[in-house]
Amino acid sequence: MAAEKLTMANALNRALRDAMRADDTVLMFGEDVGPLGGVFRITDGLTAEFGEQRCFDTPLAESGILGMAIGMAMNGMRPVVEMQFDAFAYPAFEQLVSHAAKMRNRTRGRVGVPLVIRVPYAGGIGGVEHHCDSSEAYYAHTPGLHVVAPSDPADAYGLLRKAIESPDPVLFLEPKKLYFSRSEADLTLPVPPIGTAVVRRPGTDATLIAYGPAVPVALEAAEAAAQEGRSLQVVDLRSIVPFDDETVCAAVRSTGRAVVVAEAAGFASVSSEVVARVTERCFHSLHAPIRRVTGFDIPYPPPKLEHVHLPSVDRILDTVDDLQWEDS
Amino acid sequence: MAAEKLTMANALNRALRDAMRADDTVLMFGEDVGPLGGVFRITDGLTAEFGEQRCFDTPLAESGILGMAIGMAMNGMRPVVEMQFDAFAYPAFEQLVSHAAKMRNRTRGRVGVPLVIRVPYAGGIGGVEHHCDSSEAYYAHTPGLHVVAPSDPADAYGLLRKAIESPDPVLFLEPKKLYFSRSEADLTLPVPPIGTAVVRRPGTDATLIAYGPAVPVALEAAEAAAQEGRSLQVVDLRSIVPFDDETVCAAVRSTGRAVVVAEAAGFASVSSEVVARVTERCFHSLHAPIRRVTGFDIPYPPPKLEHVHLPSVDRILDTVDDLQWEDS
Amino acid sequence: MTRDAALLLPSTEPVTLIDPDGNPVHVGQDMPDPQALVHAYAALIAARRFNDQANALVRQGRLAVYPSSHGQEACQVACVQVLDPGDWLFPTYRDSAAIVARGVDPVQALTLLRGDWHSGYDPLATRVAPQATPLATHLLHAVGVAHAARLRGEPTVVMAVCGDGATSEGDFHEALNFAAVFRTPVVFFIQNNEYAISVPLARQTAAPSLAHKGIGYGVPGARVDGNDVAALLSVLGAAVDRARAGDGPQLVEAHTYRVQPHTNADDPGRYRSADEVTPWLARDPITRVETYLRGRGLLDDDTIAGYGVDAEKLAETMRAGLGEDTVADYRDLFAHVYAEPTPQLREQQALVADELSREEAR
Amino acid sequence: MTRDAALLLPSTEPVTLIDPDGNPVHVGQDMPDPQALVHAYAALIAARRFNDQANALVRQGRLAVYPSSHGQEACQVACVQVLDPGDWLFPTYRDSAAIVARGVDPVQALTLLRGDWHSGYDPLATRVAPQATPLATHLLHAVGVAHAARLRGEPTVVMAVCGDGATSEGDFHEALNFAAVFRTPVVFFIQNNEYAISVPLARQTAAPSLAHKGIGYGVPGARVDGNDVAALLSVLGAAVDRARAGDGPQLVEAHTYRVQPHTNADDPGRYRSADEVTPWLARDPITRVETYLRGRGLLDDDTIAGYGVDAEKLAETMRAGLGEDTVADYRDLFAHVYAEPTPQLREQQALVADELSREEAR
Ligand SMILES: Cc1ncc(C[n+]2csc(CCOP(=O)(O)OP(=O)(O)O)c2C)c(N)n1
Ligand SMILES: Cc1ncc(C[n+]2csc(CCOP(=O)(O)OP(=O)(O)O)c2C)c(N)n1
Ligand SMILES: [Mg+2]
Ligand SMILES: [Mg+2]
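Protein chains in written order, with full-length UniProt numbering: chain L, 1 to 328; chain Y, 1 to 328; chain S, 1 to 362; chain B, 1 to 362.
Derived by calculation from the structure, the hints in this document are not laboratory data.
Worth double-checking, as some hints may not be accurate.
As the list claims (entries may be wrong) - Calculated lysine to aspartate or glutamate pairs in the EDC-like style (CA-CA distance at most 16 Å, straight line):
no., chain 1, residue 1, chain 2, residue 2
1, L, 304, S, 329
2, Y, 304, B, 105
3, Y, 5, Y, 184
4, Y, 304, B, 329
5, S, 313, S, 52
6, L, 304, S, 324
7, Y, 5, Y, 165
8, L, 304, S, 340
9, Y, 304, B, 325
10, L, 5, L, 184
11, Y, 304, B, 324
12, Y, 5, Y, 228
13, L, 304, S, 21
14, L, 5, L, 186
15, S, 313, S, 21
16, B, 313, B, 52
17, B, 313, B, 105
18, L, 5, L, 245
With the sequences and hints as input, model every part of the structure.
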């Protein structure tokens, strides 16, 4: 099949549909995912095609949604659930941490819970409070979960198919601000497995490490830097857990300088981990400490101030400028 | 008053009693904290002294406990609540992240919620699953919360008094395995404020950075290292948020080598943050990358295997040995 | 408080005092006095105007989003009118009209939905909690506020409002239970408008009614016609009185309907037919009480016109206040995370300040 | 399913079929047939022995902790006896005796409390979920398991057990509501033993009974004497039948009492008097049915002695199985976090392997 132009929302919808066609144990449920098709329309048409039993609305209770999904996964199903917005996944936290993440381990491998938790996440859409949290650190810190975040439509399709096929629970983070950005994609082409990072743009002077909504910003920064004669490599993590140490470290070693870019508050975050583990592994290849451009350690701002908080091209370039070039 | 020998449990009980005597808006509630005095007896005698209205049992619901505490704090009280065990705080996660942590900010500073969430936390006590989680990363990553962890009776007393006086919500992490270890303490002496780390043992070759239950292990390791002729400095963070960059960086710069020791799973954790921020600030003073000795990225083990998981003196010493001494 | 099932169960049908045609219905319940009804009528006119104006401001791009309470105004005004000044209101995102009825400045009441800040008014001064978006979570805060007041011996009652969908959340359960066990003076007021975004009530519960949840906590449940402001004043007023008298929490379910989309961003055509909506338009809360009051000579054209003028003034205030562009100050982002910013926040604020000063210098 | 309040409310008093003196009580309910009662009696003897032996093993340091169901054995055996082999049991930490009654190997059933691993038996093979420690959380899993079975058209019923304290958790609420809305075949079985560790029932709820919570979800509630195995078999059996027939979830509250400490680590003297406990000893679930069966010639000394021998064999198996020291394998820590260990886990396992090999080399 040839490449086509489509949005990440289209690609995710297609992935769900194709997965449900391929395997009738795949189910989709959550709040407003039935007739409405989800507040972002990611589940559009699924109830019509697969019926009320395969794609359905639940009562309004996130712990209930995830708890029921765990039970269904224990009993032969592959549920995909939607948490309507990032911050509305918090009521399900105990089910996530104490059960979804631990079921296989508690039962010494006897009971796996193959389920996918789709979370429309992060900001940049002018949403009011509780609608723009970047909550990946909570999940990434929890052993037993896979955590992935696509940054373009093709990868969104491929990663979601792989997440649904995974025997383990996958936190699938969908950058809301990328839902409706359109790009060329050939959905028939395979994508790298979960656990693999990819170099999205080659470069020789420094490496930008990003994931999810920060990837397009990093690419833009690299483009701007190129204009100024600086060559920035961009790595898209794709998978936060498992983490692809090999690709990331190879990239950082090749440039000797790196900046991690992420929307979440920086303190005790995924970006901290990237700095820590890459530094541990690449210390003697580094010309300067790895820097971070992240959200500040503040609650997500109201719409009129989010631009101050979000990693911007300028802030990335300023940080790259700061990477002690005079020393090298 | 002279120093006396007492346990951390005694010290915490004393702190609660003294705070309740000093300020009658201070209340204590949670599961089994009334007549029983808490499963660890930290609230022993409080109901008897202050009555049912000041120290009381609630229905068994952690979100309810924290949610009610937030309301009481909005209306002039200073509630202290107990989450019976670390993993049983998860049902309260949404109240913690979306409300306790954000109330002051949402209301542009008009409504603060002075409350303390006491969490008996971490392992080393042979507890079954869900009783030994080190959950500080979830809290430390959440802007709006202070996060502290004492490592001895004197500090437990002082920090809890300061936490209760704080105008902001404080996660107060009580290392369960230290509850009943006894040491000399003079509770009348002031302790440094929240936000301050202290050097618990001077040393010149490398710095161990620890907090909570890892501090005594780090001190033991330093003692053992001294026998082998290596001088290890031990920094006790005490306060994870706010973080004392000054003390920690000064310590690391003074030795040029450092190991972070923490019980929690390492990935995207407080220890990652310490490595990241200290490296960022002290890069050119470092002879080797800062290393971590942490719990593995696994669910907390069953009692018979916890010794494999917990940072041990040997593992710390091995890691110190690995700090590229040949290069210096 | 009682554990007697008969006293805890709601009536089989919702209480109505004025029927959709404006005629009084004779039930055991007392009709509120005429002044109260006229006062409520004026508030209804204002609330409707507030909703209409807010919708218009969304279309003009002056508000980011608006979840309208059009058709639910009787609930909005009644739950406020039954309160004393020292009482508290705990509203949701849908209750902006109630907040304004409570006396909060309408522009401040819309700060959240305008995108300026997460909340605009002073909760302590107004005794109105910040609007809650995470569903049912604020019900627990309401219990805490009421419990603190009760410990101090204050006569405060807390009106805690939520929707039908919110009753499915665990926090709803915990709030009712805590309130009941501690005998806390909270009136839990469910505006059952039959929908939670696209999800109809039947997908939310299989119970005879939401008010039937009360008995499971030992809390008396009551059902009331949510488009009948007289019945609402009567039932909510009685609930507030009982709570204040020390009878513990009360649960009131108002049966109403969300005639408009969930918010302006919603597309109800995807999940319900216009035919379902039409009968509800005939049950409009304003015409009903207006017919009743006019029929009894308690309201005339002049008075109505006067309320219209007042409502128009309110709308004018909204247009003026929201027409101005506000200047958002980045320092606010760092100032209120803690009582005192941490050293880390100071550093982060300095970074932004530096960026801005360099931008200006360019 | 019905929304008729009369059909959803529990009886005013718990159903009893055999009174504490062993006499039949004549109510509308059917007495289970003699074989069922004799079977239950044998199971009670085994359950009691299991509890006693487990307590002894704690004292000997062979078990880390034991939350005994002493005095609640009628609940333990009845909730299992009413199930078909294809049904599921969702137990808590207190329900080890029920798990063993279900046929799970007693040593495997104690793996958690022994500290070897988080769970010892195969949940899929035994259709017994791992014992839940976080309260009420497993009730939602029960709903999911039942819902999956129902979607496949299987006749599975799920017995989901919790305590009185657990009913206060939000997950209890969400589980009952989800089950009711989806008409899922789950029997929610509350063992109301009057205490949640030290917290008495009155601090847990102000409701007329816990079974009164059912109506708030449209779920029929029933109350039964939790020390009367005949009544339990009857009430739970009927609930299972209704659930299997497609009538949706059922809620059964058994009134019983925790005569022993919460666990061996507890000190009940701090929160209740011995006087409170004494009357409950007279209501022991075993003597009651024994008197009844003996009185009707359905049980004689020889049979009883035979059950005693069987129970002693069970105890012997426990002593033997738990007397051995097990070797814990550190590789288990890394093997089951995911279906395939991540590269990070492989590294971490290698680190431990290296430590151990160096230790051995010493
Ligand atoms: C915890 C949580 N989950 C999900 C949402 C997203 N959400 C916002 S409004 C809404 C529907 C609420 O319905 P209802 O309680 O009936 O109130 P109504 O909007 O009808 O007034 C949903 C699902 C939320 N705000 N909070
Ligand atoms: C979510 C959660 N909070 C707290 C606890 C600690 N805890 C263990 S048992 C218990 C009491 C439970 O009482 P109940 O539900 O009545 O069961 P019982 O022990 O009486 O059988 C408590 C508070 C827990 N296990 N899970
Ligand atoms: Mg609604
Ligand atoms: Mg109990």
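Would you list, in rising numerical order, the hints stated earlier that this structure does not obey? The structure breaks hints 2, 7, 8, 12, 13, 15 and 18; every other hint is satisfied.
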